[in-house]
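Participant: Single-letter residue listing:
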Amino acid sequence: MGDILGEYDVLAAFWLTIQLAFFSAIGSLLIGTVVAIMRVSPVRILQLLGTWYVNIFRNTPLTLLMVFSILGATFILGINLAPDSITDNAKRWAIVMLSIYHAAFVCEALRSGVNTVPAGQAEAARSVGMTFGQSMRHVILPQAFRGSIAPLGSTLIALIKNTTVAAVIGVAEAAGLMSEIVENKGSSIGIFLIFALGFVILTLPLGVLFTSMSRRLAVKR
Amino acid sequence: MSTSVLFDAPGPRARRRYALLTMLGVLLALGGIYFVLRKMAEASQLSPDLWTPFLTAEVWQQYLIPGILGTLKAAAISMVLAGIFGLVFGIGRLSQVSAIRWVSSVVVEFFRSVPVLIMMIFFFGLYAQNNVFDSELNPLAAVVTGLTLYNGSVVAELVRSGVYSLPRGQSEAGLSIGLSPSQVLRSIQLPQALTAMLPALIGQMVVVLKDSALGYAITYLELLNWSKTLGSAYANTVPAYIVAALLFIVMNYLLTVAARLVERRLSSRGRTTLHDVGPVQGGPDRASTVGGTSVQKMGPTNTAG
Numbered sequence: 002m003g004d005i006l007g008e009y010d011v012l013a014a015f016w017l018t019i020q021l022a023f024f025s026a027i028g029s030l031l032i033g034t035v036v037a038i039m040r041v042s043p044v045r046i047l048q049l050l051g052t053w054y055v056n057i058f059r060n061t062p063l064t065l066l067m068v069f070s071i072l073g074a075t076f077i078l079g080i081n082l083a084p085d086s087i088t089d090n091a092k093r094w095a096i097v098m099l100s101i102y103h104a105a106f107v108c109e110a111l112r113s114g115v116n117t118v119p120a121g122q123a124e125a126a127r128s129v130g131m132t133f134g135q136s137m138r139h140v141i142l143p144q145a146f147r148g149s150i151a152p153l154g155s156t157l158i159a160l161i162k163n164t165t166v167a168a169v170i171g172v173a174e175a176a177g178l179m180s181e182i183v184e185n186k187g188s189s190i191g192i193f194l195i196f197a198l199g200f201v202i203l204t205l206p207l208g209v210l211f212t213s214m215s216r217r218l219a220v221k222r
Numbered sequence: 005m006s007t008s009v010l011f012d013a014p015g016p017r018a019r020r021r022y023a024l025l026t027m028l029g030v031l032l033a034l035g036g037i038y039f040v041l042r043k044m045a046e047a048s049q050l051s052p053d054l055w056t057p058f059l060t061a062e063v064w065q066q067y068l069i070p071g072i073l074g075t076l077k078a079a080a081i082s083m084v085l086a087g088i089f090g091l092v093f094g095i096g097r098l099s100q101v102s103a104i105r106w107v108s109s110v111v112v113e114f115f116r117s118v119p120v121l122i123m124m125i126f127f128f129g130l131y132a133q134n135n136v137f138d139s140e141l142n143p144l145a146a147v148v149t150g151l152t153l154y155n156g157s158v159v160a161e162l163v164r165s166g167v168y169s170l171p172r173g174q175s176e177a178g179l180s181i182g183l184s185p186s187q188v189l190r191s192i193q194l195p196q197a198l199t200a201m202l203p204a205l206i207g208q209m210v211v212v213l214k215d216s217a218l219g220y221a222i223t224y225l226e227l228l229n230w231s232k233t234l235g236s237a238y239a240n241t242v243p244a245y246i247v248a249a250l251l252f253i254v255m256n257y258l259l260t261v262a263a264r265l266v267e268r269r270l271s272s273r274g275r276t277t278l279h280d281v282g283p284v285q286g287g288p289d290r291a292s293t294v295g296g297t298s299v300q301k302m303g304p305t306n307t308a309g
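From first to last, the protein sequence lines stand for chains A and B. Residues in the first sequence are numbered from 2 upward in steps of one, following my numbering. Residues in the second sequence are numbered from 5 upward in steps of one, following my numbering.
Rather than coming from a laboratory, the hints here were simulated on the basis of the structure. Treat each hint with caution, since some may be false.
[To be verified] Interface residues of chain A toward chain B, partial, derived using beta-carbon atoms under 10 Å: (1) F24; (2) L66; (3) A176; (4) G199.
[As the list claims (entries may be wrong)] Negatives, chain B to chain A, calculated, CB over 12 Å: (5) F11; (6) E62; (7) L73; (8) I88; (9) R105; (10) V107; (11) F137; (12) L170; (13) R172; (14) I181; (15) V188; (16) P195; (17) L202; (18) I246; (19) R273; (20) G274.
All residues carry an ideal CB built from backbone N, CA and C; glycine is no exception.
Construct the complete structure from the given sequences, taking the supplied hints into account.
Facilitator: Encoded structure:
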């Protein structure tokens, strides 16, 4: 185990994993919020577009999106995100695809938060004379936000684990390095444990944090 | 539909605004389609001879159907094994013996937080070095192992929260007529919990099906891998991936619909169901409102691949 840590830069690989996760989390949050707003909007066509987005990207394997980003989008369609560097292009595409894919789940998480708010809350807000903006700001969104903490946490954890899929397009994050090591040195429990524990360390505290947060902030009904 | 919560019935001004937004939506959709088509046209990916192969029997017989079968085979074996794994460790987590409970919890939590691809790479190497299986079988075995361990852990959580979500009266009634705790679990709680988790279980199959595409990384011949071969054989990479994506979407969408049907059927029989917590990951939806403590916790891992 020690010689592997000495010979290969495992920490650098995990640093790349963290980078991928960080930027994709922001990207998916942005796209996901837009899609969620479309899905809960009162305009039929926007709802439909949002629903289509979710159904398409939630049901397509992330691996397919990743492979397509290089073999299809870069090589054939000529959409290169970093013309002078192959590794940068792969890394940026990985972030784009992770964002697009997880945006579908972020959207569903946010929407489920909205769905936890009973209709009576909005009706009560209206009946005391609040405008649309007021009822959103003071009544609906605070509750909706609290309701979506748990599913958002799940999505973030899934995203961190899914950064490994970027290995299929040669991004040297944790899984990429691991398969390189396995190729050179053979597979062993030690190697597996190093990488597995890396992910346990990354995800477990987040899981605990989100669970306790969602409990603490839960709206008592 | 959540619209009822957020929006009042529209008046004349709001209706005008909606009409404006509708136009904006149409423009957005058309713009998106135009962008994609233009990019594809620029790379001459729209030319008919790239697409007509999909109308021939040969493409289906030699590439796509073997691909679909490969995907379904891995998914089916994994789902069955994951069911067994999940049942064993789910019951383990409910055990009266604290050592069993503890071990099961560690196993489940561990495999839930390790990415499936990491497991697949590890087992692929392990099987290959030790000649555990016939060398042709190694990729399949590694895919199945990875999927089983991860999804089994998710199923174990489903079992546990399924039992927890039952009314306490159920187990109390069982105990009061003199059944032992394990008899209560076996003949009262589990049957109800398993029915309740059926929709979630079907939903989990979507995850298994999608994650089987990770087998691409360890040379397992599933739909994605076959599509790549198809793309090189007919020099139509982009169309091949698009068709593969459509096939995945159709298969997964059918599963989602099946889950919804089963759920509706169960609830029309007056059963409460444990909502799919992740798989279709729309699940978290209701996850936070159902079943008390553990249900929320289940969400965490479920999107992989």
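Participant: Determine for every hint whether it applies to the structure shown.
Facilitator: Checked hints:
For the restraint placing F24 (chain A) at the interface with chain B, the shortest Cβ-Cβ distance is roughly 17 Å, beyond the 10 Å limit, so the hint is violated. A distance limit of 10 Å between C-beta atoms decides the matter here; for L66 (chain A) the minimum to chain B is near 8 Å, and the interface restraint holds. Satisfaction of the interface hint for A176 (chain A) is found here, the shortest Cβ-Cβ separation to chain B being roughly 5 Å, below the 10 Å cut-off. Here the hint on G199 (chain A) is kept, as its CB sits about 9 Å from the closest CB of chain B, short of 10 Å.
F11 (chain B), annotated as away from the interface, has a beta carbon of chain A within 12 Å; the closest lies near 5 Å. Residue placement check: E62 (chain B) keeps its beta carbon more than 12 Å from all beta carbons of chain A (closest about 22 Å). Listed as outside the interface, L73 (chain B) is consistent with that label: its C-beta sits roughly 16 Å from the nearest C-beta of chain A, beyond the 12 Å cut-off. Even its closest Cβ contact with chain A, about 22 Å, leaves I88 (chain B) beyond 12 Å, as expected for a residue assigned away from the interface.
Every Cβ of chain A is farther than 12 Å from the Cβ of R105 (chain B); the closest lies at roughly 19 Å, confirming the non-interface assignment. The beta carbon of V107 (chain B) sits about 16 Å from the closest Cβ of chain A, which is more than 12 Å, so the claim that it is off the interface holds. Once the 12 Å rule is applied to beta carbons, F137 (chain B) is consistent with being away from chain A; the minimum gap is 14 Å. Chain A leaves L170 (chain B) outside its interface by the beta-carbon criterion, the shortest separation being 21 Å against a cut-off of 12 Å.
Distance check on R172 (chain B): its Cβ is at least 20 Å (rounded) from any Cβ of chain A, clearing the 12 Å threshold; non-interface status holds. Non-interface call for I181 (chain B) relative to chain A: holds, since the shortest CB-CB distance, roughly 34 Å, exceeds 12 Å. The Cβ of V188 (chain B) sits about 28 Å from the closest Cβ of chain A, beyond the 12 Å cut-off, so the non-interface label holds. Remark: the non-interface label on P195 (chain B) is consistent with the geometry, its nearest Cβ contact in chain A lying 28 Å away (cut-off 12 Å).
The Cβ of L202 (chain B) lies farther than 12 Å from every Cβ of chain A, with a closest approach of about 20 Å, so its non-interface assignment holds. Not every CB of chain A is more than 12 Å from the CB of I246 (chain B) (nearest about 8 Å), against its label as outside the interface. Consistency note on R273 (chain B): stated as away from chain A, and its beta-carbon is indeed over 12 Å from all of that chain's, at 24 Å minimum. For G274 (chain B), the shortest C-beta to C-beta distance to chain A comes to about 23 Å, beyond the 12 Å cut-off, and the non-interface label holds.
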